[in-house]
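Student: Sequence lines, in order, name chains C and F. Oh and the first sequence: position 122 is 133 in this note's numbering, straight run, nothing missing. Oh and the second sequence: position 89 is 105 in this note's numbering, straight run, nothing missing.
Hints are not guaranteed to be accurate.
Unchecked claim - One side of the interface only, derived from the structure: several residues of chain F facing chain C at Cβ under 7 Å:
no., residue
1, Arg353
2, Asp356
3, Val357
Stated by the list, open to error - In silico DSS-like links for lysine-lysine, alpha-carbon gap of 30 Å or less:
no., chain 1, residue 1, chain 2, residue 2
4, C, Lys117, F, Lys161
5, F, Lys20, C, Lys142
6, F, Lys193, C, Lys117
What the hints assert, rightly or not - Rough simulated footprint, nothing fancy, chain F against chain C, three-plus residues with beta-carbon under 8 Å:
no., region
7, 16–24
8, 49–58
9, 348–361
Hint data in this document are derived by calculation from the structure and do not stem from the laboratory. Even glycine gets a Cβ: it sits at the ideal position worked out from N, Cα and C.
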Amino acid sequence: MKFLDEFRNPQIACQLLQEIAATVTKDWVIMEICGGQTHSILRNGIDQLLPPHISLVHGPGCPVCVTPLEMIDQAIAIASRPDVIFTSFGDMLRVPGSEKDLLQVKSEGFDVRTVYSPLDALELARENREKEVVFFAVGFETTAPGNAMAVRQAARKKISNFSILVSHVTVPPAMEALLSSPENRVQGYLAAGHVCAIMGWWEYEPIAEKFRIPIVPTGFEPVDILEGILLIIQMLEAGEYGVKNQYNRTVNREGNESAQRVIREIFQKTDRNWRGIGTIPASGFCLRSEYAQFDAARRFSVDHIQTRESPNCISGLVLQGLKKPTECPVFGKECTPAQPLGATMVSSEGACAAYYQHQHIKVTTE
Amino acid sequence: MSVKIPEALTCPIPKTDYDTIQMAHGAGGRLSAELVEKFFLPRFRNAILEKLDDQAVIDLPPGRVAISTDSFVVSPIFFPGGDIGDLAVNGTVNDVAMSGAKPRYLTAGFILEEGLPLEVLHRVLLSMEAAASRAGVNIITGDTKVVERGHCDNLFINTTGIGVIATHLNISAGNLKPGDKILLSGTIADHGAAILTTRKGLSFSSELTSDTAPLNGLVEAMTTICPEIHALRDPTRGGVAMTLNEFARASHVGILIHEERIPIQSGVRGACEILGLDPLLVANEGKLIASVPPEAADEVLAAMRQHPLGRNAVELGEVTAENTGLVVMRTALGTHRIVDVPLGEQLPRIC
Numbered sequence: 012m013k014f015l016d017e018f019r020n021p022q023i024a025c026q027l028l029q030e031i032a033a034t035v036t037k038d039w040v041i042m043e044i045c046g047g048q049t050h051s052i053l054r055n056g057i058d059q060l061l062p063p064h065i066s067l068v069h070g071p072g073c074p075v076c077v078t079p080l081e082m083i084d085q086a087i088a089i090a091s092r093p094d095v096i097f098t099s100f101g102d103m104l105r106v107p108g109s110e111k112d113l114l115q116v117k118s119e120g121f122d123v124r125t126v127y128s129p130l131d132a133l134e135l136a137r138e139n140r141e142k143e144v145v146f147f148a149v150g151f152e153t154t155a156p157g158n159a160m161a162v163r164q165a166a167r168k169k170i171s172n173f174s175i176l177v178s179h180v181t182v183p184p185a186m187e188a189l190l191s192s193p194e195n196r197v198q199g200y201l202a203a204g205h206v207c208a209i210m211g212w213w214e215y216e217p218i219a220e221k222f223r224i225p226i227v228p229t230g231f232e233p234v235d236i237l238e239g240i241l242l243i244i245q246m247l248e249a250g251e252y253g254v255k256n257q258y259n260r261t262v263n264r265e266g267n268e269s270a271q272r273v274i275r276e277i278f279q280k281t282d283r284n285w286r287g288i289g290t291i292p293a294s295g296f297c298l299r300s301e302y303a304q305f306d307a308a309r310r311f312s313v314d315h316i317q318t319r320e321s322p323n324c325i326s327g328l329v330l331q332g333l334k335k336p337t338e339c340p341v342f343g344k345e346c347t348p349a350q351p352l353g354a355t356m357v358s359s360e361g362a363c364a365a366y367y368q369h370q371h372i373k374v375t376t377e
Numbered sequence: 017m018s019v020k021i022p023e024a025l026t027c028p029i030p031k032t033d034y035d036t037i038q039m040a041h042g043a044g045g046r047l048s049a050e051l052v053e054k055f056f057l058p059r060f061r062n063a064i065l066e067k068l069d070d071q072a073v074i075d076l077p078p079g080r081v082a083i084s085t086d087s088f089v090v091s092p093i094f095f096p097g098g099d100i101g102d103l104a105v106n107g108t109v110n111d112v113a114m115s116g117a118k119p120r121y122l123t124a125g126f127i128l129e130e131g132l133p134l135e136v137l138h139r140v141l142l143s144m145e146a147a148a149s150r151a152g153v154n155i156i157t158g159d160t161k162v163v164e165r166g167h168c169d170n171l172f173i174n175t176t177g178i179g180v181i182a183t184h185l186n187i188s189a190g191n192l193k194p195g196d197k198i199l200l201s202g203t204i205a206d207h208g209a210a211i212l213t214t215r216k217g218l219s220f221s222s223e224l225t226s227d228t229a230p231l232n233g234l235v236e237a238m239t240t241i242c243p244e245i246h247a248l249r250d251p252t253r254g255g256v257a258m259t260l261n262e263f264a265r266a267s268h269v270g271i272l273i274h275e276e277r278i279p280i281q282s283g284v285r286g287a288c289e290i291l292g293l294d295p296l297l298v299a300n301e302g303k304l305i306a307s308v309p310p311e312a313a314d315e316v317l318a319a320m321r322q323h324p325l326g327r328n329a330v331e332l333g334e335v336t337a338e339n340t341g342l343v344v345m346r347t348a349l350g351t352h353r354i355v356d357v358p359l360g361e362q363l364p365r366i367c
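Model the full structure from these sequences, guided by the hints.
Tutor: Structure (structure tokens):
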């Protein structure tokens, strides 16, 4: 399969590993931002292949994981109304709220559906004018253009029974917040390739400059990740900083300008609460006031809902790269994908789920 | 109720007073009798069924008897490569055959939704007739119920299969031995990928087809060459990962598989990549996994490849004394990871 097989090629991966080993002389901590990258690293065992000098820590780039509990509870409150068809990407349905998850709401007889695009939800609203159709708009810059497009079309076609529950977050403020923390260990970032496909990497230049670190927009296949690590190690060892692009088959500096335009037209920046991390200024999108009629939190008056996290879950520390999932006392015991205490155990891209799925037990090899 | 019926009816639909299923079709009166005489009997005609007694009476040759039951609720009922009818026959035939038994008879229970077009029922029965004939089994007793509209999704089918196991075979998921070779009969994830891409909501088109097929012929070819086969199972729901984990747990052994040996069609792989699904967890309906003593593995593999349903068979891995209860994969990069069981239905990812 073109654009896939060459990036899974074991020979190329092996060459890159040799180059990394020949380049590295000191201990370095690198964070991969995106949960998709975390998953690929664990799935392919890339962490087992790297020289001991290099530690990978896992970043906050899993939209399911960082969506705050109160948003899940707001979603559950809206979905539990008989006049509502609640739509969402699949991952969000199993995330535990304070008392239940959206799949349980569905089993109670309410109309909760998985869609593959917010435009499918808009189509549902057009077909079901007597119902309120709500789409759970979570995710990073990757999902924002599609969600913005759905709102723009709803406004143009006057589909008034459509609204979105917005919990959008953006990557650069989180990267900056992690680097500003006194506990920070991260010395280089593998930036999230898909996010950069939309936003480009111009936003990272001031961060690399300010914190004097290398940032490398990176893809998701083993060869991508190893190339990204090599670029970072080369810069770290040479004492260089700045942005270098590994994912050049998809990403350029400017990004997708028409996608950025529709985001700016519909959304504006807002402070966001990141699950496990806390509030980060200007780290998310909310609807502009002229589109406020499409804001489900306002339409259904659920914006007052506040909640508390399980005290046993350390997902905040995991999302900041301060702890590994396996260092959590409840990992694999009270907390498993079947009974998750925190969102990092739910999504297939969550760091805890990735560890549980692929590496929770040390395997014996010959 | 809108069901898209594939073209190419091979046999015209019988003439009746109604075009759709009525509640009276399940009430035991004239309409019930008409349904049996015009729709079911012509399709499944055999001496045992034709007696129309309340039960089928059969003689079985000596030996242990394998029985299996399964209910079929697939949506959509027609999908590329098959429909609920051939799935209901093949699924149960395969479950019986995985004991090494030769499947002989099936029972069939139907739950029909009021308003179901008789043309749909006719088409499903034609598929069942063809599938039963291909597998060499007779459908010898059955039942029909009708439920009110909205109380089921078009139609549900339950089948129970009976077969007789040759005395010299001893095949069970608990029989794996360290050193055994794990054989897989062909490409993975074909059925699940075909169903997912036709479900409402997925707009991208695709030419993926289900692999639904009766595996009893393949099993017979394998057990003839090697009666010492330790275990057989068809990796349906939960996919290859589920079956291998069941093997490892039931036999208290480890299983090591090799990523680069996994056979998968490129279209199926592409669909799984786009949907964010792991093909190891996606359902198959015409594949089997065998655990075979090492000295017989090459011979069994060759016999599988000679059979039309085993042409792409591979040696996927081996049974180990280490890592008890676990399935471990050696990745293309030479690292090792666990292949866990799926939690439930895989959920499509956000980005």
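Student: It remains to establish, for every hint, whether it holds in the given structure.
Tutor: Structure-based check of each hint:
| no. | hint | verdict |
| --- | --- | --- |
| 1 | Arg353 | 4 Å, holds |
| 2 | Asp356 | 5 Å, holds |
| 3 | Val357 | 10 Å, violated |
| 4 | C:Lys117 / F:Lys161 | 28 Å, holds |
| 5 | F:Lys20 / C:Lys142 | 27 Å, holds |
| 6 | F:Lys193 / C:Lys117 | 44 Å, violated |
| 7 | 16–24 | holds (count 3) |
| 8 | 49–58 | holds (count 5) |
| 9 | 348–361 | holds (count 5) |
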